[in-house]
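Full structure from sequences and hints, please.
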Amino acid sequence: MVAHLILVAMKIKLGFVPSHRAGFNEEISAQMRDRVIRALSKIRNLEVYFPSEKDTRLGLVRNDEDAEKTISIFKHANVDGLIIGAMNFGDEVSAIKVAASINKPVLLFAVKEEPLKTKWVRRDSFCGTLSISSGLYRRGIRFMFAGVVLPEEQSFLRAVEVFIRACNAVRGFRGARIGLIGPRPERFETCSFNERILAGKFNLTLIPVSQAILFHMANNLKDDDSKVAEIMRDMKDSIRSTDLEERDLLKMAKLEMALRLIAKEKRLSAMAIHCWPASSLVYGVMPCFVMGRIVDSGIMCSCEGDVYGALAMLFQYLLSMGEKVPHFIDWTIKHPERDDVFLAWHCGNAPPSLACEECEIKVS
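Residue numbers for the sequence shown follow the working numbering, so the first one is 1 and each next one is one higher.
None of these hints come from the bench; they were simulated from the model.
Predicted model, so just to flag it, every value in this text is computed and none were measured.
All C-beta atoms in this analysis are idealised placements derived from N, C-alpha and C, irrespective of residue type, glycine included.
A couple of the hints might just be wrong.
Stated by the list, open to error - The calculated DSBU-like cross-link candidates involving lysine-lysine, where the alpha carbons are at most 35 Å apart (straight line), are:
1) Lys264 with Lys251
2) Lys75 with Lys112
3) Lys266 with Lys227
4) Lys11 with Lys222
5) Lys222 with Lys201
6) Lys362 with Lys222
7) Lys227 with Lys324
8) Lys264 with Lys201
9) Lys13 with Lys112
10) Lys201 with Lys324
Said to hold, decoys possible - Derived DEER-like restraints, expressed as beta-carbon distance ranges:
11) Glu230 with Gly200: 40 to 48 Å
12) Gln154 with Glu53: 27 to 35 Å
13) Val282 with Ala100: 17 to 25 Å
14) Leu150 with Ala100: 24 to 32 Å
What follows is the structure, given as structure tokens:
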């Protein structure tokens with residue numbers, strides 16, 4: 001339990017569908033398939049699955065039988081998304097069959113034509129992606145189009161990297177468990193939310209936890225608890241000054257430990273916490289510094305029982321592949337003269353990892 005950002009390794013599994021239209025040159029399709037696989041294998045945070053030459057002829061997908069074998073491979077691997085590439089005109093029926101069966105995000109691309117040496121060596125790849133995209137659209141399957149590219153080109157590699165982040169966000173967001181620690185503030189209607197829509201559309205589960213339970217857990221932790229002591233030492237190491245008394249830091253450490261225990265027990269990806277006024281009135285300290293530290297460990301925490309805020313933080317965190325953490329802020333004060341400048345701030349909940357090296361972190 002440390003104050004600096006804890007990097008969480010996030011890997012994505014993608015299934016590659018090398019779509020081939022019978023009647024076109026098989027060899028150049030197979031060569032392009034191999035080039036795509038080599039290019040994808042060099043991308044960080046990515047595992048690629050595809051039909052081998054033992055599964056289908058030359059490892060290409062050209063008919064329903066190939067599609068069924070490919071679907072089996074992808075389902076066994078539990079892929080998080082699909083990359084469909086038209087190696088030539090492609091076979092839209094089999095490609096769409098895979099996409100519809102797997103039901104995960106799709107990245108579609110065409111490959112560039114080589115210089116025409118004979119009239120028989122051509123791909124018509126772009127034309128094929130029009131047919132594939134039409135079938136995807138007809139079935140309501142959302143997709144991203146990476147363009148007409150070669151697999152070694154930066155534009156393609158960048159599109160795949162963006163797609164990886166999108167797949168990670170979809171995977172982590174759907175079915176997430178969000179803790180609501182206490183209610184939203186009475187006069188903050190902006191923090192209201194629709195639990196029914198969240199459950200129906202994204203399969204999100206909201207876990208309500210009473211602040212009375214939180215404070216009870218924190219108060220029952222012993223002063224000499226080894227994990228509480230570890231948190232307290234780390235707090236002291238991460239701040240340069242404080243005007244708090246030792247007992248207040250101890251209460252913060254216990255509050256952090258209690259929140260972490262709740263998050264672990266309830267398997268929470270994020271928490272929306274009713275921070276004021278109950279925390280200071282009932283427990284004696286505010287949770288802002290604690291919340292920032294917990295965010296740095298990969299569990300998102302929003303203020304004021306803001307469930308949508310917690311979900312927005314979770315989505316941002318997943319898009320960063322766990323390499324950066326968001327800051328839950330308000331756009332508070334607009335610059336009196338410059339229209340494009342404002343003060344972005346929110347109590348003291350900023351993750352300590354966002355502070356510059358020379359900045360002084362003070363807890364008061």
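Going down the list of hints, with the structure as the test:
no.	hint	verdict
1	Lys264 with Lys251	20 Å, holds
2	Lys75 with Lys112	30 Å, holds
3	Lys266 with Lys227	19 Å, holds
4	Lys11 with Lys222	39 Å, violated
5	Lys222 with Lys201	43 Å, violated
6	Lys362 with Lys222	26 Å, holds
7	Lys227 with Lys324	25 Å, holds
8	Lys264 with Lys201	25 Å, holds
9	Lys13 with Lys112	26 Å, holds
10	Lys201 with Lys324	27 Å, holds
11	Glu230 with Gly200: 40 to 48 Å	41 Å, holds
12	Gln154 with Glu53: 27 to 35 Å	29 Å, holds
13	Val282 with Ala100: 17 to 25 Å	53 Å, violated
14	Leu150 with Ala100: 24 to 32 Å	28 Å, holds
The earlier numbered hints that this structure contradicts are 4, 5, 13.
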